[in-house]
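Residue numbers (our numbering), protein chains in the order written: chain S, 1 to 327; chain F, 1 to 327.
The reader is advised that the hints may include incorrect statements.
[Claimed, not checked] Looking from chain S toward chain F, a few residues come up when the C-beta cut is under 10 Å (computed):
1. Ala-55
2. Thr-132
3. Thr-210
4. Leu-238
5. His-243
6. Thr-267
[Stated by the list, open to error] Straight-line Cα separation of at most 27 Å, DSSO-like style, residue types lysine-lysine; simulated pairs:
7. S/Lys-218 / F/Lys-233
8. F/Lys-34 / F/Lys-299
9. S/Lys-211 / F/Lys-95
10. S/Lys-233 / F/Lys-305
11. F/Lys-305 / S/Lys-209
12. S/Lys-85 / S/Lys-95
13. F/Lys-218 / S/Lys-269
14. S/Lys-233 / S/Lys-319
15. F/Lys-299 / S/Lys-218
16. S/Lys-211 / F/Lys-34
17. F/Lys-269 / S/Lys-211
18. S/Lys-34 / S/Lys-45
19. S/Lys-218 / F/Lys-305
20. S/Lys-233 / S/Lys-161
21. F/Lys-218 / S/Lys-233
22. F/Lys-305 / F/Lys-315
23. F/Lys-269 / S/Lys-218
24. F/Lys-211 / S/Lys-233
25. F/Lys-209 / S/Lys-211
26. F/Lys-269 / F/Lys-299
27. F/Lys-233 / F/Lys-299
I should point out that these hints are in silico values taken from the structure, not numbers from a laboratory. Beta carbons are placed, not taken as given, at the ideal position from N, Cα and C, and that holds for glycine.
There are 2 protein chains.
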Amino acid sequence: MKVFMKSLFALLLILNAAMAADPLPSWNDTAPKKNIIAFVDRVVKESSPDFVPVAERIATFDNDGTLWAEQPMYFQGLFAIDRVKVLAPQQPEWKTKEPFASILTGNYAAAFAGGERSIMELVMATHAGMSTEEFEQIVRDWVAAARHPKTERAYTEMVYKPMLELLGYLRASGFKTFIVSGGGVEFMRPWIEEVYGIPPEQVIGSSIKTKFDLTHGKPAIIRLPELNFIDDKAGKPLAINLHIGRRPIAAFGNSDGDLQMLQWATTGKGARLALIVHHTDGVREWAYDRNSLVGRLDKALDEAKARNWTIVDMKNDWKTIFPFERN
Amino acid sequence: MKVFMKSLFALLLILNAAMAADPLPSWNDTAPKKNIIAFVDRVVKESSPDFVPVAERIATFDNDGTLWAEQPMYFQGLFAIDRVKVLAPQQPEWKTKEPFASILTGNYAAAFAGGERSIMELVMATHAGMSTEEFEQIVRDWVAAARHPKTERAYTEMVYKPMLELLGYLRASGFKTFIVSGGGVEFMRPWIEEVYGIPPEQVIGSSIKTKFDLTHGKPAIIRLPELNFIDDKAGKPLAINLHIGRRPIAAFGNSDGDLQMLQWATTGKGARLALIVHHTDGVREWAYDRNSLVGRLDKALDEAKARNWTIVDMKNDWKTIFPFERN
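Chain S extracted, bound-state conformation:
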């Protein structure tokens, strides 16, 4: 208990110090940074008419394209492709069966030509059929070894430094931060706490069904090749309602998949912050929006403009994008 007390006191000192300095040093002093700080001031100052008690300071973050990169395709897709290659020797029939055959010859466009059905087959073949503990280890091993095709960095390095600062700033201001992502919840949890400081119980994502299994002597949870929930678009506010049970007062996304979450967060009472990360930097990152297959930002961009949501222009609003950049 003493140690717990000591660490809490130490935390308070760190928080006090953090508050004094610029909480968002990787952000240029443009509108988004000003909007964020003005919003936080409004909800944390007890004298403010928009004061929000700590318990209700809920902030939800999309992951792909909002906290880490998502090009040339969602990183979980690259994980699935790598898994197909690892598993192929035990699955000789994949040589002539789509989408596996095209993946094994490196023709990813052909592999995904079958649309949602191909993606589901790929997901089930690579994400199901093992215990949750085994899957966690598979993800951990992949995250440790895999490198991004363009930057040759670990995927967990391809996170946005300004967003890491934002997560820390919100938490230092009494917010509870949640991930609400279309990515698989068990694909995210093994690395998210270390990278974003968000504990597993605050990670919401898509999921497949599972079963409780006692047949091997000790209990295990087995991952089944059947979809449970897709945490995207209208699924996001539903998942927020089911898992959190409170409406967020701040929500962060980058694509049309986040639109309903932003709508849900912004139509409650009092001060609200909705922020969209717009990928505008083709040199330091990628530039894409309305016509991109990955992270399409079209309707949500129109609504953001119409409703005066905060739009981050990555090229102009972020001093640094990735933590590994040299400034």
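Go by the hints and put chain F onto chain S.
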């Protein structure tokens, strides 16, 4: 921010004081109390070989029969019956349609004779067809007005004082406390934070499906008459895995519906606490176990004995049961 700091410091002082006194004054000094304190000491002392970091101190609690009473039937069932009576004038066909007809004449045994199908019809007729905000208000109003048929107390007074102390003791020892109940998640959340000090995002329960609705100008989440998930028996470890993503190190239940949660919590590494509340006090509460329709405790009682789990004999181990008792 200053106020936040001040309240944190105040919290620390309260915690320090709380630690000095008996943390479980409503418990007799019998084995269960000793087991609980010994377990907490093992996991919180940094010098202990079984020390557990704060982030991993997850404790899960069943609700019906573990934190509040469940006789003469689950309180949510009594809520549904009350709703049928309120809604009946708008549903004239219920006069001749089961299970509603029997409920309206007060013949609950006949109403439930149809088993699961009757229960589902009753749940869907009373829990679906409105927005989540409307349902929350319905539950709040019911909880404020309804009284238990035997004690004439509010249902939220019929909570177990020793368990409230246990929740507080665990939290003061760095545990995060979760509800994992077969009850409806949106039936529980409106009152659970005030009664147990557990925030909505730490309440896991059964659920019906919902849809995101924009047709009335502002976004709403509408409750649909379709089952989503039953958080009972093998569903409990699956829900824990999906929502928390960590295995609890302590789990608390009272019936066969909690068996798999206790199995899941106890088969991890290190110190584990599994506790079963055994309803043995027919005078102050109710006495029931193997043959009860509500809260049947049969297989889990055998396994608890075989595996040396902590069994609370309510009559002998609890000094006080309900907060309103005069000692």
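Each hint tested on the structure:
{"no.": "1", "hint": "Ala-55", "result": "6 Å, holds"}
{"no.": "2", "hint": "Thr-132", "result": "6 Å, holds"}
{"no.": "3", "hint": "Thr-210", "result": "5 Å, holds"}
{"no.": "4", "hint": "Leu-238", "result": "5 Å, holds"}
{"no.": "5", "hint": "His-243", "result": "6 Å, holds"}
{"no.": "6", "hint": "Thr-267", "result": "5 Å, holds"}
{"no.": "7", "hint": "S/Lys-218 / F/Lys-233", "result": "16 Å, holds"}
{"no.": "8", "hint": "F/Lys-34 / F/Lys-299", "result": "25 Å, holds"}
{"no.": "9", "hint": "S/Lys-211 / F/Lys-95", "result": "41 Å, violated"}
{"no.": "10", "hint": "S/Lys-233 / F/Lys-305", "result": "48 Å, violated"}
{"no.": "11", "hint": "F/Lys-305 / S/Lys-209", "result": "32 Å, violated"}
{"no.": "12", "hint": "S/Lys-85 / S/Lys-95", "result": "11 Å, holds"}
{"no.": "13", "hint": "F/Lys-218 / S/Lys-269", "result": "12 Å, holds"}
{"no.": "14", "hint": "S/Lys-233 / S/Lys-319", "result": "30 Å, violated"}
{"no.": "15", "hint": "F/Lys-299 / S/Lys-218", "result": "17 Å, holds"}
{"no.": "16", "hint": "S/Lys-211 / F/Lys-34", "result": "35 Å, violated"}
{"no.": "17", "hint": "F/Lys-269 / S/Lys-211", "result": "21 Å, holds"}
{"no.": "18", "hint": "S/Lys-34 / S/Lys-45", "result": "16 Å, holds"}
{"no.": "19", "hint": "S/Lys-218 / F/Lys-305", "result": "18 Å, holds"}
{"no.": "20", "hint": "S/Lys-233 / S/Lys-161", "result": "26 Å, holds"}
{"no.": "21", "hint": "F/Lys-218 / S/Lys-233", "result": "16 Å, holds"}
{"no.": "22", "hint": "F/Lys-305 / F/Lys-315", "result": "18 Å, holds"}
{"no.": "23", "hint": "F/Lys-269 / S/Lys-218", "result": "12 Å, holds"}
{"no.": "24", "hint": "F/Lys-211 / S/Lys-233", "result": "12 Å, holds"}
{"no.": "25", "hint": "F/Lys-209 / S/Lys-211", "result": "20 Å, holds"}
{"no.": "26", "hint": "F/Lys-269 / F/Lys-299", "result": "24 Å, holds"}
{"no.": "27", "hint": "F/Lys-233 / F/Lys-299", "result": "12 Å, holds"}
Checked against the numbered hints above, the structure breaks hints 9, 10, 11, 14, 16 and satisfies the rest.
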